[in-house]
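Engineer: Fit chain F with the ligand to the given chain R structure using the hints.
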Amino acid sequence: MSALFQFLLRQGDNTLVLGHRVSEWCGAAPALEEDIALANTALDLIGQTQMWLGYAAEIEEAGRTADDLAFLRDAYDFRNLLLLETPNRNFGHTLLRQFLFDAYQVPLLASLESSTDQRIADIATKAGKEAQYHLERSQDTVIALGDGTEQSHTIMQDALNRLWSYTGEMFESDIVDEAMTANGIAPDPTSLRDVWNTTVDAALKLADLKAPEDNFAHKGGKNGRRHTEHLSHMLSTMQVLQRSYPGASW
Amino acid sequence: MTTQQANTKQIWHWLELVPDPEIPVISVVDLGIIRDVEWKGDVLEIIITPTYSGCPAMAVIAADIRAELVKQGVNKLSLKTQIAPAWTTDWLSDKGRARLEEYGIAPPRQAGTPQHCPLCKSTSVEKISQFGSTPCKALWRCTSCLEPFDYFKCI
Ligand SMILES: [Zn+2]
Chain R
1 MSALFQFLLR QGDNTLVLGH RVSEWCGAAP ALEEDIALAN TALDLIGQTQ
51 MWLGYAAEIE EAGRTADDLA FLRDAYDFRN LLLLETPNRN FGHTLLRQFL
101 FDAYQVPLLA SLESSTDQRI ADIATKAGKE AQYHLERSQD TVIALGDGTE
151 QSHTIMQDAL NRLWSYTGEM FESDIVDEAM TANGIAPDPT SLRDVWNTTV
201 DAALKLADLK APEDNFAHKG GKNGRRHTEH LSHMLSTMQV LQRSYPGASW
Chain F
1001 MTTQQANTKQ IWHWLELVPD PEIPVISVVD LGIIRDVEWK GDVLEIIITP
1051 TYSGCPAMAV IAADIRAELV KQGVNKLSLK TQIAPAWTTD WLSDKGRARL
1101 EEYGIAPPRQ AGTPQHCPLC KSTSVEKISQ FGSTPCKALW RCTSCLEPFD
1151 YFKCI
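Top line first, the protein sequences correspond to chains R and F.
Residue numbering for the first sequence is 1 to 250, as defined by my numbering.
Residue numbering for the second sequence is 1001 to 1155, as defined by my numbering.
Okay, chain R solo, but in the shape it has when bound:
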């Protein structure tokens, strides 16, 4: 696998896995407005996936399409962050996970807008506009719920305690990242940590939430070595149609 192909899989798998998770709320959100918002966020993410995995498939030159990559790979071939495959649990947990990712994705895409790879720069410019309003919404909601009732505060603090150990993986740099950085294709993930900290610290303060002191980080999603068991369960639902009826189309 070329480094560029892996990098593109990481981008596309992040938006695909989160997009699918968010879509699980369709028809089940606590209020109609939230249901619509979640479904639309999922749509944006799946649309971005088509661009990332579409490019990945072209780079791979193995005759696969974006759909093949999404629906016919197994869990160990996925390159998404572990954070994004964690189950939804509850509404607050879902929005906090979204916020922790949005706060990372916005500066990442902003940096990718000046990638030496023009196609990546174009995708990032398009996706960046959407990530920006995803961040506004997830941030506002996290603050409102954290600084809300005693019950909503408790739920948000619990979500933060559960999700915190999954955030470190976003800033891990490996051989793929080194190759991307060397060619000016993408920034070093570690360089995004400061801006992420600034965004997250400010929001958590307003939300009256405390991040755990322990900085232990779960790893193994972006390199595919150790996904959680949740990803296979998610894929079994997401891929069931193509697995049961190969080649089925609308």
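Read the hints as simulated data drawn from the structure, not as lab findings.
This structure is a prediction, so every number in the text was calculated from the model and none was measured.
Any given hint could turn out to be false.
Below, simulated DSS-like cross-link-like pairs (lysine-lysine); rule was C-alpha separation at most 27 Å, straight line [claimed, not checked]:
hint, chain 1, residue 1, chain 2, residue 2
1, F, K1040, R, K129
2, F, K1127, R, K129
3, F, K1095, F, K1009
Structural biologist: For chain F with the ligand alone, coordinates are given in the frame of chain R:
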């Protein structure tokens, strides 16, 4: 059946007849997603820029454009998607903006908020949700006439 190639001005006019499937009072031209129309030999090439990455209307829009042009006698068509430069609400035509307002959808503004309630024109408005009935719209409410309304988000 036309045997001669229609000029591009005529093509643009035909495209004006294709409505946005989700906001039928404006055309795909008003929406600003048609970036170029050009004959490449005997094939008409149309460049389309999607509004939002996940906009489910894009497939319908492509099918509607094809249907309209085939009806006008243009049978050899190539519809190409172009993502850069990224679509922006700045590309909405003035006619499109006026139509949106008449239809009850507040047109997008750089300020990021609706100018006024599209129904009673009151400036006392508040946001209900960042997402409305489609990804391109947010849900707002007028605190004068109390009606909820869609605001076309500015991106
Ligand atoms: Zn009003």
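Engineer: Decide, hint by hint, whether the structure agrees.
Structural biologist: Against the structure, the hints come out as follows:
1. F/K1040 with R/K129: violated, 33 Å
2. F/K1127 with R/K129: Distance ~20 Å between F/K1127 and R/K129 Cα, so the pair holds.
3. F/K1095 with F/K1009: The given pair, whose Cα atoms are some 18 Å apart, holds under the 27 Å limit.
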